[in-house]
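Trainee: Given next are the chains, with one letter for each unit.
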Amino acid sequence: MRSKSRWGGASTGLKIAAAAGLVFLHLPVWVIVLYAFTTEDRTYAFPPPGLTLHWFGAAFARHDIWESMRLSLMVASVATLVALVLGTLAAFALARSNFRAKESITLLFVLPIALPGILTGLALLAGIRSIGLTPGFWTIVAGHATFCLVIVHNNVIARLRRIPTNWVEASMDLGADGWQTFRFVLLPQIATALLAGGMLAFALSFDEIIVTLFTAGHERTLPIWFYNELFRPRERPITNVVAVIVILVTLGPILLAYYLTRPDEHASGN
Amino acid sequence: MAAIELRDASRAFGPVVALDRVSLTIAPGEFFALLGPSGSGKTTCLRLIAGFDQPDSGQVLLDGVDVTDVPPFERNVNTVFQDYALFPHMNVADNVAYGLRVRRVAAAERRRRAIEMLELVQLESFAERRPTQLSGGQRQRVALARALINQPKVLLLDEPLGALDLKLREEMQTELKGLQQRLGITFVFVTHDQGEALSMANRVAVFNAGRIEQLDTPRALYTQPKTAFVAGFVGSANVVESDLADRLTGRAQAFAIRPEQIRILTDGTPPAGHVCVEGVVEDILYHGASSRCHVRIDGGALLAVAQAESGGAPSLPALGTRVRIAWAQASAVPLE
Amino acid sequence: MLARSVSRFLHSRRGFYLALLLAPPLLWLGTVYLGSLLVLLAQSFYAIDEFTARVVPELTLKTYRQLVGQPANVDIILRTLAMAVAVTLAAAVIAFPIAYYMARYAGLRMRAFFYVGVMLPMWTSYLVKVYAWRLLLAKEGIISWALTGLGLQGSLDRLLAVPVVGGPSLASSYIGMFIVFVYMWLPFMILPLAAALERVPESLLQASADLGARPGQTFRNVVLPLALPGLAAGSIFTFSLTLGDYIIPTVVGAPGYFVGMMVYQQQGTAGNMPLAAAFSIVPIVLIAIYLALARRMGAFDAL
Numbered sequence: 005m006r007s008k009s010r011w012g013g014a015s016t017g018l019k020i021a022a023a024a025g026l027v028f029l030h031l032p033v034w035v036i037v038l039y040a041f042t043t044e045d046r047t048y049a050f051p052p053p054g055l056t057l058h059w060f061g062a063a064f065a066r067h068d069i070w071e072s073m074r075l076s077l078m079v080a081s082v083a084t085l086v087a088l089v090l091g092t093l094a095a096f097a098l099a100r101s102n103f104r105a106k107e108s109i110t111l112l113f114v115l116p117i118a119l120p121g122i123l124t125g126l127a128l129l130a131g132i133r134s135i136g137l138t139p140g141f142w143t144i145v146a147g148h149a150t151f152c153l154v155i156v157h158n159n160v161i162a163r164l165r166r167i168p169t170n171w172v173e174a175s176m177d178l179g180a181d182g183w184q185t186f187r188f189v190l191l192p193q194i195a196t197a198l199l200a201g202g203m204l205a206f207a208l209s210f211d212e213i214i215v216t217l218f219t220a221g222h223e224r225t226l227p228i229w230f231y232n233e234l235f236r237p238r239e240r241p242i243t244n245v246v247a248v249i250v251i252l253v254t255l256g257p258i259l260l261a262y263y264l265t266r267p268d269e270h271a272s273g274n
Numbered sequence: 015m016a017a018i019e020l021r022d023a024s025r026a027f028g029p030v031v032a033l034d035r036v037s038l039t040i041a042p043g044e045f046f047a048l049l050g051p052s053g054s055g056k057t058t059c060l061r062l063i064a065g066f067d068q069p070d071s072g073q074v075l076l077d078g079v080d081v082t083d084v085p086p087f088e089r090n091v092n093t094v095f096q097d098y099a100l101f102p103h104m105n106v107a108d109n110v111a112y113g114l115r116v117r118r119v120a121a122a123e124r125r126r127r128a129i130e131m132l133e134l135v136q137l138e139s140f141a142e143r144r145p146t147q148l149s150g151g152q153r154q155r156v157a158l159a160r161a162l163i164n165q166p167k168v169l170l171l172d173e174p175l176g177a178l179d180l181k182l183r184e185e186m187q188t189e190l191k192g193l194q195q196r197l198g199i200t201f202v203f204v205t206h207d208q209g210e211a212l213s214m215a216n217r218v219a220v221f222n223a224g225r226i227e228q229l230d231t232p233r234a235l236y237t238q239p240k241t242a243f244v245a246g247f248v249g250s251a252n253v254v255e256s257d258l259a260d261r262l263t264g265r266a267q268a269f270a271i272r273p274e275q276i277r278i279l280t281d282g283t284p285p286a287g288h289v290c291v292e293g294v295v296e297d298i299l300y301h302g303a304s305s306r307c308h309v310r311i312d313g314g315a316l317l318a319v320a321q322a323e324s325g326g327a328p329s330l331p332a333l334g335t336r337v338r339i340a341w342a343q344a345s346a347v348p349l350e
Numbered sequence: 005m006l007a008r009s010v011s012r013f014l015h016s017r018r019g020f021y022l023a024l025l026l027a028p029p030l031l032w033l034g035t036v037y038l039g040s041l042l043v044l045l046a047q048s049f050y051a052i053d054e055f056t057a058r059v060v061p062e063l064t065l066k067t068y069r070q071l072v073g074q075p076a077n078v079d080i081i082l083r084t085l086a087m088a089v090a091v092t093l094a095a096a097v098i099a100f101p102i103a104y105y106m107a108r109y110a111g112l113r114m115r116a117f118f119y120v121g122v123m124l125p126m127w128t129s130y131l132v133k134v135y136a137w138r139l140l141l142a143k144e145g146i147i148s149w150a151l152t153g154l155g156l157q158g159s160l161d162r163l164l165a166v167p168v169v170g171g172p173s174l175a176s177s178y179i180g181m182f183i184v185f186v187y188m189w190l191p192f193m194i195l196p197l198a199a200a201l202e203r204v205p206e207s208l209l210q211a212s213a214d215l216g217a218r219p220g221q222t223f224r225n226v227v228l229p230l231a232l233p234g235l236a237a238g239s240i241f242t243f244s245l246t247l248g249d250y251i252i253p254t255v256v257g258a259p260g261y262f263v264g265m266m267v268y269q270q271q272g273t274a275g276n277m278p279l280a281a282a283f284s285i286v287p288i289v290l291i292a293i294y295l296a297l298a299r300r301m302g303a304f305d306a307l
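Protein chains in written order, with the working numbering: chain W, 5 to 274; chain A, 15 to 350; chain X, 5 to 307.
Where hints are given, some of them may not hold.
Listed next, with one range per pair, are the computed distances between beta-carbon atoms [what the hints assert, rightly or not]:
hint	chain 1	residue 1	chain 2	residue 2	range
1	W	R100	A	R225	26 to 36 angstroms
2	W	F103	A	P29	14 to 24 angstroms
3	A	G192	X	R113	23 to 33 angstroms
4	X	L31	A	E184	56 to 66 angstroms
5	W	L260	A	E184	48 to 58 angstroms
6	X	S207	A	P29	35 to 45 angstroms
7	W	L111	X	V168	34 to 44 angstroms
8	A	D70	X	V72	54 to 64 angstroms
9	W	L111	A	R225	36 to 46 angstroms
10	A	S256	X	R12	48 to 58 angstroms
Keep in mind that the hints were calculated from the coordinates and are not lab data. Computed from a predicted model, the values in this text were never measured in an experiment. Using N, Cα and C, we set each Cβ at its ideal position, and we do this for glycine too.
Input sequences plus hints: build the corresponding full structure.
Mentor: In structure tokens form, the structure reads like this:
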């Protein structure tokens, strides 16, 4: 139990500091969103002279933006698919089993997220070169699928561990074999975890730049396109439009995944 | 041919021995109880019969067929779980029909038979509800209906009455007994409550530390316990160890004497063949129809004496008074 | 039918079933990920031949000697380390009021609001945030405009004139880089800190006051030590994320190199994979040391 007010509640200073911190966190992104609607081409100027949707139109007419977006969407889709399959398999294997190598395997599944992106990126590049591959679509997918796998795995295994063991036993007791038990009992229960994991993986893959810069070769995903634009002053509002698109495509699924995986009240029928 | 047979079944979990060369036979149509304290192996035994676990050594036979390696979904045995294990994402009717669904019975037929089963447990109006909307007693009946829809030869129940309050428990005891007699199938249930086991079962296997100490009818267990553990666990008889027995009766044979067989002497001489001993009343527990006096006899042991309430006048001694108690040694049951 | 027989087969062979499940993901992680890491480690023990500019696949410590031997390289490492430490400290200071308010004063709804409010920027695209700051910090950007409007243009100029950390504009100075780093990792500091502060029982603070301590003393002697695990946990994030980053120093950068930039450059234009590999090991070593220290401070209890 926390009491809400001590000594008359939070001091004004604290409240201001907290609010200021929150504003600090939000302001930059809101500014970018605002900039996407400015009528001014030289977008360094503030305040923006007027608001328009013109740049959205211009951005959607750009061939290179479409190409990059298409590539990003494809990479994210394939990576997410691979991650869903591999991550779920791993989650089922590790959820309730106990064997000697389990700790090391669990560690292996933490590494892709725990190690800095630059290490993963460079390692993948070294690996690619060592077997003589050319970086391209599939190497990008390989890199993304690796950490997407971990994300899906984490989501699914958390859900699996909340399912009482005797549901599987009850299902088998009533005559269902392993596959039927999976389809009728387990799959409905992990569906939201799969969805959440998949959406998180998709969003992270779509937004990924740190590892992708190493593994992309000459391909340009949307983040790479964006990164290159950072150093070019022309047509800044279009870059802002792309920024807004990226925010929407990534933030939406992440938010949804968050609300899906909050502990739910209807855990079991006991 | 026995409906269920275990032959020298053993199961250990690491260093813990859950079952130690257990053998038992259960006849078709029996209402059989596996009784014992927690950790005694009774639940492990049930799980072996169901197929959720395999013995490390020994065999499990159903209807004379060795099913030791047969998975649960291929055994004609169904289980009612202690916490019911109802699937929350299905409604009651779908839960009950599950056993038919996995056998690919058509939807309409499934529904019909599910409602039939629900009528058997008087819950047909709850068909569309979700398990989370039911009370504990209702969930148990759904679990029962679900387990019976496949018309198994054997129904296993894991501590079926544990989660129910006293009144509900007594009702369910009668219902289960009636159900079993109507269906005519073998019921095997696990419990730690000896009262339950004695009142419902045809025969009871008393488990202790992974072994069966005695397998007998309830009456035999109560009147003729073979070991000190069974004597104490079933009917809470007084167990007199061999050295005390030696002092009291001259023979160094441990025996059990039930509280209701001991009397507090009000007048002088005990009848012939009775063992008499003095002690101090340490505790009195009121049980409604009768009371228990705990008497600390000279010699240290504590004996429980049951004193029936005979209409109106309390005949209980006061705490701390010295009393003389006696029993007919012929009523004592010798123990191993 | 097939599903049944397979099920029956696997049911009594649990080990085989597990191996079957684990094989695909393990194969993937093992070859794609672990394999690459091992190749990288091996590369760091090779060296580049100065004449042919090719990697000589012979085990040697030459590259590592180059890493720690050349003063320029050591400079880079120290610079990166200094920035990581500075960012961590600043993030801790800035995060504290927010986390403290969230954890101890905010009512249930306000707290939820704050949590989402902190997580939203955390989930927003990394690149978009970097880009936003580049615009903000630019000479003609908002901050410049705001400061001019407030008449503080002079202060900004003086700040930028400070040697080493200053620069031609905020967007190309260490100060600017510092601000961006702090911004990016702030949520990672706020959340564990708030969690740790939430766990401080109210009764402890009341006891402290009861025994005569003033609010400042209570804060120093009761709150701060108990918040330390949360601080340590958050600092792990800020420290390691700053050490390994190469994009922010490039985009919002001063001329000096950072470890991340070196890694990117060495494997790219310089074609010196061994040196790049060696540089990439640096964050790992530093993080490992830091983790060992943080663990002593109880950070892992707060995660």
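Trainee: Honestly, do G192 of chain A and R113 of chain X meet the 23 to 33 angstroms range at C-beta?
Mentor: violated, 54 angstroms
Trainee: Okay, F103 of chain W versus P29 of chain A on CB: inside 14 to 24 angstroms?
Mentor: Cβ of F103 of chain W to Cβ of P29 of chain A: about 18 angstroms, so the range 14 to 24 angstroms holds.
Trainee: CB of R100 of chain W to CB of R225 of chain A, is that within 26 to 36 angstroms?
Mentor: Given range 26 to 36 angstroms: holds, Cβ gap about 29 angstroms.
Trainee: Quick check on a hinted range of 56 to 66 angstroms for L31 of chain X and E184 of chain A, using CB atoms only.
Mentor: At roughly 59 angstroms between Cβ atoms, E184 of chain A and L31 of chain X fall inside 56 to 66 angstroms, so the hint holds.
Trainee: Looking only at beta-carbon atoms, does the pair S207 of chain X, P29 of chain A fall within the given range of 35 to 45 angstroms?
Mentor: The hinted range 35 to 45 angstroms holds for S207 of chain X and P29 of chain A, with Cβ atoms some 43 angstroms apart.
Trainee: So the hint says 48 to 58 angstroms: do the beta-carbon atoms of L260 of chain W and E184 of chain A match that?
Mentor: At roughly 51 angstroms between Cβ atoms, E184 of chain A and L260 of chain W fall inside 48 to 58 angstroms, so the hint holds.
Trainee: So the hint says 54 to 64 angstroms: do the beta-carbon atoms of D70 of chain A and V72 of chain X match that?
Mentor: Since the Cβ atoms of D70 of chain A and V72 of chain X sit about 58 angstroms apart, the hinted range of 54 to 64 angstroms holds.
Trainee: Hint says 48 to 58 angstroms; check whether the CB-CB distance for S256 of chain A and R12 of chain X agrees.
Mentor: holds, 53 angstroms
Trainee: If I claimed the Cβ atoms of L111 of chain W and R225 of chain A lie 36 to 46 angstroms apart, would that claim hold in this structure?
Mentor: holds, 42 angstroms
Trainee: Regarding L111 of chain W and V168 of chain X, is the given constraint of 34 to 44 angstroms on their beta-carbon distance met?
Mentor: holds, 41 angstroms
Hint compliance for this structure: hint 3 alone is broken.
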